[in-house]
Amino acid sequence: MSRIVRVAAGQGFWGDWLEAPVRQVRGGPIDYLMMDYLAEVTMSIMQKQKGRDPRFGYARDFPQVMERILPDIARRKIRVTSNAGGVNPRGCAEAVLDVARRLGLAGRIRVGLVSGDDILDRLDDLLARGHELRDMDTGRPLSAIRGQILSANAYIGMAPIVEALDRGADVVVTGRVTDTGLTLGPLVHEFGWSPDDWDRIAAGTVAGHIIECGAQCSGGNLLRDWRSVKGLADPGFPIVEVADDGTFVVTKHPQTGGVVSVPSVSEQLVYEMGDPHMYITPDGTADFTTIRLAQERKDRVRVSGVRGGPRTPMLKVSIAYFYGYKAVGTLVYSWPDAAEKARAADRILRERLAALGLEFEQILTEFIGVDATHGRLAGDANPDLPEVQLRIGVRAREKAPVERFTREIAPLVLTGPPSVTGFAGGRPQVEEIVAYWPALIDRREIEPHVRVEILEA
Amino acid sequence: MPVKKSAGTATELLQLRYLAHARSGDKGDTANVGLIALEPSYYELLVAEVTRERVARHFRGMVSGVERFELPNLDALNFLLHGALDGGGTLSLKTDAQGKVYSTALLRMEIPVPRALARRLRLAGAP
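Residue numbers (our numbering), protein chains in the order written: chain U, 1 to 457; chain P, 1001 to 1127.
Think of the hints as simulated: they come from the structure by calculation, not from any bench. Fair warning: there could be bad hints in the mix.
[Said to hold, decoys possible] Derived DSSO-like pairs: lysine-lysine, alpha-carbon spacing no greater than 27 angstroms straight-line: (1) Lys-316/U with Lys-1100/P; (2) Lys-298/U with Lys-50/U; (3) Lys-50/U with Lys-316/U; (4) Lys-77/U with Lys-1100/P; (5) Lys-48/U with Lys-316/U; (6) Lys-1100/P with Lys-230/U; (7) Lys-230/U with Lys-298/U; (8) Lys-48/U with Lys-399/U.
As the structure is a prediction and not an experimental result, all values here were calculated from the model.
Sequences and hints are given; from them, build the entire structure.
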């Protein structure tokens, strides 16, 4: 039997179930634990936190989880890949080293620190040399918001993870490495796949995509036959068992809840999908229309047939910039005619905002229980609904109108329609909006700057 | 046997929830909905009836444009719903700013299916 490499997912996003990585490490054999923390909006949240305290800006859950599992990892030679570093991978790596020392693992844990994705300090130089970094969605050049930029990170691929593992890292901490690179890196390190073996690169990428959202491919958030998914109090997070030829099995540890089935894997495959023929990563492209799924036996889905193509000359850049302010206020109206009362309250509030001369970029009203998720497709509100939540949000470039808006919610209780409650949480918070600007850049501007350091505990 | 509507077959309107499951996600201001046939035999029906134009009509006023891609290997269609998220990401004021449940709004859509199949599925209930 040919060798297989087991990569287990420990986190599907920043804020995922904290028990998962512990169970992945202790619940059965694995070779790698992969922990994905970064989504489009995550970098901007981390940037906000770093702005408040320069020691932060990474997933602080990560060193806490490491505290629980480092002894197992050291004993069993499991290696960890994670983009928990966010906008401060060095801070994150140092926190892991501190944990290792505290646990008496000095000399036994090496942390691979990957940097070079952060291009904030290089932006002016890049712009001056003609890189416009246009917004991929709107086409606007970055110069339009230059003064508001808070962070800028290129999405980098598996290469520095492979290097860190080759150089003996036990825990690899990165910034904006792609979710899929965290899985692909270990496979390329283990099997020595050529970086231009496009089908294998694509297969490892698909494996990474399937497990990058944790239990979302193993029974969590599964719509099909959701009532039949058992044991979600203790969900089995996914594991891929990958062979040298790039075929793999998606599974989970025995005696865990959830399900690994063709439908559960299919739902994850289509999650956040664009053009399925061209799933683009820094490492290559994958054609999702070539993926074959087969139920091998219970909780084991075999994946084969994946075809890929060459990497593109460009890397994606994720830029966070200060945009303005927003706030969301809510009130709950009760039966009878709950929706009608909530609508009346919305009209009154809007009249008051207008009379105060407050200017907003947008005011959005939703009636939760009536139309918040399906809009007009949900049809007319049933007058017998027991309650409806009025949810009204505003957005503005200036803080003052948003601040004033937050003071206009509570007065509706005694000056508006009747049967209203649910305001015990107090005044809504004014939130700063850190917005996302996706752009492309020539990879030759990024890759020579990527560094791998091996730090010893 | 693929389910096909041939000329003369009596049809009834049936919600997609009886024929498919779905999941959605976001990229900026675009929501995607992956629509997966509950049985391989329903896939061709989805291809024929859940057209880009009909989906655009279904979401009229809610999205600015629709693209459709076919994944016969997964018995799935992927839809990109542009302008669906009120700016998307952190800008959006929507409850579902990241389009996590846009998939369920597509499952409300009705398509014509052979009457016998529609009746059988309605009787069995949506999964």
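These are the hints, each one checked on the structure:
1. Proposed proximity of Lys-316/U and Lys-1100/P is supported: the alpha carbons are some 23 angstroms apart, at most 27 angstroms.
2. The straight-line distance between the Cα atoms of Lys-298/U and Lys-50/U is roughly 45 angstroms, outside the 27 angstroms bound, and the hint therefore fails.
3. In summary, the hint linking Lys-50/U to Lys-316/U is supported, as the alpha carbons are separated by about 22 angstroms, within the 27 angstroms threshold.
4. With a C-alpha separation of about 37 angstroms, the suggested pair Lys-77/U and Lys-1100/P falls outside the 27 angstroms cut-off, and the hint is violated.
5. About 21 angstroms separates the Cα atoms of Lys-48/U and Lys-316/U, which keeps this hinted pair within 27 angstroms; it holds.
6. As the CA atoms of Lys-1100/P and Lys-230/U are separated by approximately 22 angstroms, the hinted pair is consistent with the 27 angstroms bound.
7. Taken as a hint, the Lys-230/U and Lys-298/U pair is honoured in the structure, with Cα atoms around 13 angstroms apart against an allowance of 27 angstroms.
8. At roughly 17 angstroms between alpha-carbon atoms, Lys-48/U and Lys-399/U fall within 27 angstroms of each other, so this suggested pair holds.
Checked against the numbered hints given earlier, the structure breaks hints 2, 4 and satisfies all the rest.
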